[in-house]
Each structure stands twice: as structure tokens, then as C-alpha cells.
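Q: Taking our numbering, the leading residue of the sequence shown gets 15, the next gets one more, and so forth.
Everything labelled a hint here was simulated from the structure, so no lab data went into it.
Where a beta carbon is used, it is the ideal one built from N, C-alpha and C, also for glycine.
Treat the hints with caution; some may be incorrect.
[Said to hold, decoys possible] Listed next, the in silico DSSO-like pairs over lysine-lysine satisfying Cα-Cα at most 30 Å (straight line):
no.	residue 1	residue 2
1	Lys184	Lys136
2	Lys136	Lys192
3	Lys241	Lys154
4	Lys184	Lys224
5	Lys184	Lys75
6	Lys149	Lys184
[As the list claims (entries may be wrong)] Restraint-style ranges between C-beta atoms, simulated for each label pair:
no.	residue 1	residue 2	range
7	Arg232	Gln82	21 to 29 Å
8	Gly90	Asn180	30 to 38 Å
9	Leu153	Ala196	37 to 45 Å
10	Leu104	Gln82	18 to 26 Å
11	Glu152	Gly81	29 to 37 Å
12	Thr100	Gln237	19 to 27 Å
13	Asp229	Gly181	39 to 47 Å
14	Glu251	Asn180	18 to 26 Å
15	Val78	Ile212	38 to 46 Å
16	Leu143	Gly247	26 to 34 Å
17	His115	Thr233	20 to 28 Å
18	Gly113	Lys184	25 to 33 Å
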Amino acid sequence: MKKKTITFIAGLMLLLLGVLVSNHFNANSTGAHSPTERQVVNEEPPASAQAELPLRDQIAKWIVEQGQRDEYYLEGLSYVEIQLDTDSELEIIAGIDGGVHLGQFFVFDSGADGEYKLIAEKDWKVEQLHPGMAKDVELKMIFETVDRTGGTGVDVYEAHLWYLDNGEFKEVWNGWLKGRNAMLAGSHSLLAGSYQVIEGWLYHWETVFKLADDDVTRTAPPQTTLKVYRFNGEVFEPVESTELTEAGNKAVK
Numbered sequence: 015m016k017k018k019t020i021t022f023i024a025g026l027m028l029l030l031l032g033v034l035v036s037n038h039f040n041a042n043s044t045g046a047h048s049p050t051e052r053q054v055v056n057e058e059p060p061a062s063a064q065a066e067l068p069l070r071d072q073i074a075k076w077i078v079e080q081g082q083r084d085e086y087y088l089e090g091l092s093y094v095e096i097q098l099d100t101d102s103e104l105e106i107i108a109g110i111d112g113g114v115h116l117g118q119f120f121v122f123d124s125g126a127d128g129e130y131k132l133i134a135e136k137d138w139k140v141e142q143l144h145p146g147m148a149k150d151v152e153l154k155m156i157f158e159t160v161d162r163t164g165g166t167g168v169d170v171y172e173a174h175l176w177y178l179d180n181g182e183f184k185e186v187w188n189g190w191l192k193g194r195n196a197m198l199a200g201s202h203s204l205l206a207g208s209y210q211v212i213e214g215w216l217y218h219w220e221t222v223f224k225l226a227d228d229d230v231t232r233t234a235p236p237q238t239t240l241k242v243y244r245f246n247g248e249v250f251e252p253v254e255s256t257e258l259t260e261a262g263n264k265a266v267k
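Given these sequences and hints, build the entire structure.
A: Here it is as C-alpha cells:
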């Protein structure tokens with residue numbers, strides 16, 4: 015009986031010794047591999063991964079690299095991706111909001127190499143980047159961007175019509191949609207304007223209201239003017255009144 019007890023105790027001690035040796039070996043083994051694992055974790059990603067910045071950061075980088083200015087207020091940057099021409103790649107319209115009447119407007123087009131190129135930079139403060147529905151004029155997709163400009167006592171909303179042609183930005187017309195003048199006492203006024211494009215013709219009308227210094231009371235009857243433009247294949251050019259008369263006579267005949 016005593017022999018069996020001694021044998022059992024000896025076996026138990028050998029088992030415990032084996033467990034201790036095994037744990038020590040595993041600890042040393044893990045320690046040998048851990049620096050390699052940390053090195054993999056801390057290793058810098060390949061160049062291709064570093065280049066994949068968020069799109070907003072990429073656009074900011076393109077503006078700095080390709081833009082006309084030395085400095086930009088990039089905290090005010092926003093953008094939209096949109097189809098502006100007939101290729102399969104989306105273009106990018108970006109804008110910087112620098113204040114009530116301060117800002118920049120950018121258009122980026124993707125080239126054959128897949129790289130985006132800055133093709134337009136304007137000092138326009140644009141509150142709505144998306145140009146909305148395109149106007150089809152002689153198979154050209156013409157878009158509208160409204161710029162808010164002005165200064166002390168002057169606030170103007172101006173429409174710009176433009177299109178892309180083989181990677182080039184072309185502005186075809188601009189005109190006021192709204193203008194408020196409160197710069198000098200006794201000369202306050204409000205302008206309300208609009209336009210319509212019909213089969214290659216652009217009709218732009220403006221109505222001016224002269225106001226008292228309270229900017230509410232009218233001091234004279236409103237005056238409305240109409241200007242007519244015709245698309246010449248590249249831009250909308252003004253049409254003289256004599257040409258309109260001749261065109262009207264032909265239509266009557």
C-alpha cells in the first residue's frame with residue numbers, strides 16, 4: 015500500500031513538472047514571434063494604400079496642386095459627383111464657401127488616364143453646387159450655376175450657363191436673377207430677373223423696383239426690360255431688335 019502511494023505521488027510530481035516545462039517553452043516560443051508580429055502591425059502600408067485618401071481630401075489636394083491661388087480656405091470645401099458629358103466617368107463639381115459673397119467654384123474632369131484634371135476655377139460663391147436639369151441646346155448639355163456676389167449694401171444673384179466640350183469648360187451666358195441695392199440713401203432698388211431657353215433662343219427679362227430707404231415702399235412704377243439671345247453653336251449672342259423684327263415677319267409669312 016505504501017509503495018502504491020509513493021508511486022502515485024511520484025507520478026503526480028512528474029506530471030506537474032511536465033506542465034511547468036511545457037508552459038515555459040510556450041512562453042519563450044511566443045516571445046520569439048511577438049516582435050515580428052508587432053513589426054507587421056507597425057509597418058507602413060504600401061504606396062497604393064496611402065494614395066487612397068477620402069475623396070474630399072483628394073479634391074483638396076488637387077485644388078492646392080492645380081489651382082491658381084497660393085492659399086485656399088479648404089475648411090469650407092464641399093463637392094458633388096455628377097455626369098456632365100457623354101463619357102462613362104463622373105465629373106466633380108467642388109465649391110469653397112468663404113463667406114456671404116466669397117467663394118470659389120471648381121470643375122474636375124477625368125482624363126483618359128483616369129486622373130482628374132481641374133478644367134474650371136471661378137471666383138463664384140455657389141450655394142447650390144448641383145446644377146440641376148441640363149438644357150439641351152443643339153445637342154449640347156448646358157447647365158446653370160448661380161453665383162452670389164456683391165458687397166456692402168449690394169446683394170446679387172447671377173446665373174451662369176455653361177457646358178463641357180472635349181474636356182473644356184465653356185461659359186455661354188450670364189445674367190442677373192436678383193439684385194438688391196441699399197448702398198446709398200435715396201437710391202435703394204430691387205431687381206427681379208429670370209430667363210427662358212426655347213429652341214436655341216434665350217429670353218432674359220429684368221424688372222426694377224425703385225424703393226424708399228425702408229426697402230419696402232415703392233417710389234416709382236416698376237420698369238421691365240427684355241433681352242434676346244441666340245445660340246451660335248458656341249455661346250448665346252445678343253440679337254438686335256431689327257433681327258427680331260425680321261424673324262417675326264418671317265414667322266408671320
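Q: Please go over all the hints and tell whether each is borne out by the structure.
A: Quick rundown of the hints versus the structure:
A threshold of 30 Å between alpha carbons decides the hint, and for lysine 184 with lysine 136 the separation of about 12 Å falls inside it, so the pair holds. Between lysine 136 and lysine 192, the direct Cα distance comes to roughly 20 Å. Compliance with the 30 Å bound is thereby established for this hinted pair. Restraint check for lysine 241 and lysine 154: the C-alpha separation of about 22 Å stays at or below 30 Å, so the hint holds. For the proposed pair lysine 184 and lysine 224, the alpha carbon gap of about 35 Å is over 30 Å, so the pair is violated.
In summary, the hint linking lysine 184 to lysine 75 is supported, as the alpha carbons are separated by about 24 Å, within the 30 Å threshold. Note on lysine 149 and lysine 184: the hinted pairing holds, with a Cα-Cα distance of about 14 Å set against a maximum of 30 Å. At roughly 43 Å, the beta carbons of arginine 232 and glutamine 82 sit outside the given window of 21 to 29 Å. Between glycine 90 and asparagine 180 the Cβ separation comes to about 31 Å, which falls inside the hinted range of 30 to 38 Å.
About 44 Å separates the C-beta atoms of leucine 153 and alanine 196, a value consistent with the hinted range of 37 to 45 Å. Distance hint check: the CB atoms of leucine 104 and glutamine 82 are about 24 Å apart, consistent with the given range 18 to 26 Å. At roughly 32 Å, the beta-carbon separation of glutamate 152 and glycine 81 lies within the given 29 to 37 Å, and the hint holds. Between threonine 100 and glutamine 237 the C-beta distance comes to about 43 Å, which lies outside the given range of 19 to 27 Å.
At roughly 45 Å, the beta carbons of aspartate 229 and glycine 181 sit within the given window of 39 to 47 Å. Here the CB-CB span from glutamate 251 to asparagine 180 is close to 21 Å, well matched to the stated 18 to 26 Å. Checked against the given bound of 38 to 46 Å, the beta carbons of valine 78 and isoleucine 212, roughly 42 Å apart, stay inside it. Restraint check, leucine 143 to glycine 247: a C-beta distance of roughly 28 Å satisfies the suggested window 26 to 34 Å.
For histidine 115 and threonine 233, the Cβ-Cβ distance of about 27 Å falls inside the hinted range of 20 to 28 Å, so the restraint holds. A hinted range of 25 to 33 Å holds for the C-beta pair glycine 113 and lysine 184, which are about 28 Å apart.
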